[in-house]
Amino acid sequence: MLPLPKRFFVTAGKAASKVSDLNAFDTALLNAGLSEQNLSSVSSVLPAGIRHVRRRDLPMGTITFCVLAQQRGGEGETISAGIAYGFRDDGFGGYVAEGHMHGTKNSLREVMEWKMGEMAKLRGIKFRRIDYRIEELSIPMDHYGACLAALVFIA
Amino acid sequence: MLPLPKRFFVTAGKAASKVSDLNAFDTALLNAGLSEQNLSSVSSVLPAGIRHVRRRDLPMGTITFCVLAQQRGGEGETISAGIAYGFRDDGFGGYVAEGHMHGTKNSLREVMEWKMGEMAKLRGIKFRRIDYRIEELSIPMDHYGACLAALVFIA
Amino acid sequence: MLPLPKRFFVTAGKAASKVSDLNAFDTALLNAGLSEQNLSSVSSVLPAGIRHVRRRDLPMGTITFCVLAQQRGGEGETISAGIAYGFRDDGFGGYVAEGHMHGTKNSLREVMEWKMGEMAKLRGIKFRRIDYRIEELSIPMDHYGACLAALVFIA
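Residue numbers (this note's numbering), protein chains in the order written: chain A, 1 to 155; chain B, 1 to 155; chain C, 1 to 155.
Isolated chain A, as found in the complex (with noise of 0.2 angstroms):
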């Protein structure tokens, strides 16, 4: 009940399939490192205290919560997805943003610089620095695609 996250790692995947974009999808996964888990998506706060841990292996099958972005897309379609997150320059913690489209990484940050900046007025708080994961793919002919990144919450 309630848990507390104590470290957080963030990934990313892209990838392109002849088959599906479900396919396209499961293989960005695999290539973030996340297909050998149970993803739960919650929404978007650093607890207070939270450490940024490196990318690591999780025991298969466990229940994993997770800020999840993806977008999946045709032929020809350029596609991004991505993480922005920040602490407040408070010591309170911090945010995560999420952020999908189809469109250039460039233009995806853009928008989730612009939703960071959002969040920081609502509360008003200043950020100590925004860090962004983004992946972008250009849809090869005769493709589907899938970009996502994430923020993993860990014990």
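By construction, these hints were calculated from the structure, which means they are not laboratory data.
Just to be clear, a hint being listed does not mean it is correct.
Covered stretches of chain B (in silico footprint by chain C; criterion: 3 or more residues with CB under 8 angstroms from a CB of chain C, positions within the stretch not fixed) [claimed, not checked]:
1) 38-46
2) 110-122
Under the rule of at most 30 angstroms between Cα atoms (straight-line distance), these lysine-lysine pairs were calculated in the DSSO-like manner [claimed, not checked]:
3) Lys18(A) / Lys126(C)
4) Lys6(C) / Lys18(A)
5) Lys6(A) / Lys18(B)
6) Lys115(A) / Lys105(A)
Think of the CB as a built atom: it goes at the ideal place given N, C-alpha and C, for glycine as much as any other residue.
Dock chains B and C against chain A, hints included.
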């Protein structure tokens, strides 16, 4: 694994925003006291013995299971979102319905009353009483808007 | 945090309703033995060592993680929803696919067999065996309908 909620509270919020409906939603979350949590939506059962407590501040960033109703809209629209909940009169816990619509608080209440009635009929039970928590918003010109209501499970 | 499921069971249900598709869905949940739980959907991995057990009644109101397939429909439509699951033949756990469609049980089974095949190819593994649990419903005139199937994780 399979955590059993021991207490719950009910909260709600609404907001208008010139910026975006996401911004309005975030502000409504702030008003409802839920902006600093990692929310995870679940369906809608009150365990036997669960206690209704007053809204409280939860530790920042906790994974928080809740039944969440939300409605977003644009200028000139009337929107509403609400939670209905009631305990069985035989003492075996209770049920929660969420509702949201482009419409008034009164219309939504009718819909939710009907939903709760269906849940009771289906199980052959009666409610001791049904409580409602509904937010309504008439969105001003040149604004976006969001209403939300939540029944929040705590340990 | 990161709970690891130890056992699972598979269940399914279907129902028609003159009232609404929500009512049909609720009745299908009741038939499946899941109407008294707080369901939380997760993706689709069987941990190594997890045991398949018989469907059982869970304590009312527990937060219950599951892979859930659902399909709702209107009069005259044929709908189906199902779960496919299989263990890797190398002993390292297994995978779950959910499927739902406006279509027959046989059509859905084909789609899900194909999905499971893709999951195996992607990881370079083989399934020892694939099991299916699929509900199909031909919705009567003047009725709504719902089918669901779920793989439910328990401690």
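Against the structure, the hints:
{"no.": "1", "hint": "38-46", "result": "holds (count 7)"}
{"no.": "2", "hint": "110-122", "result": "holds (count 4)"}
{"no.": "3", "hint": "Lys18(A) / Lys126(C)", "result": "holds (21 angstroms)"}
{"no.": "4", "hint": "Lys6(C) / Lys18(A)", "result": "violated (36 angstroms)"}
{"no.": "5", "hint": "Lys6(A) / Lys18(B)", "result": "violated (36 angstroms)"}
{"no.": "6", "hint": "Lys115(A) / Lys105(A)", "result": "holds (15 angstroms)"}
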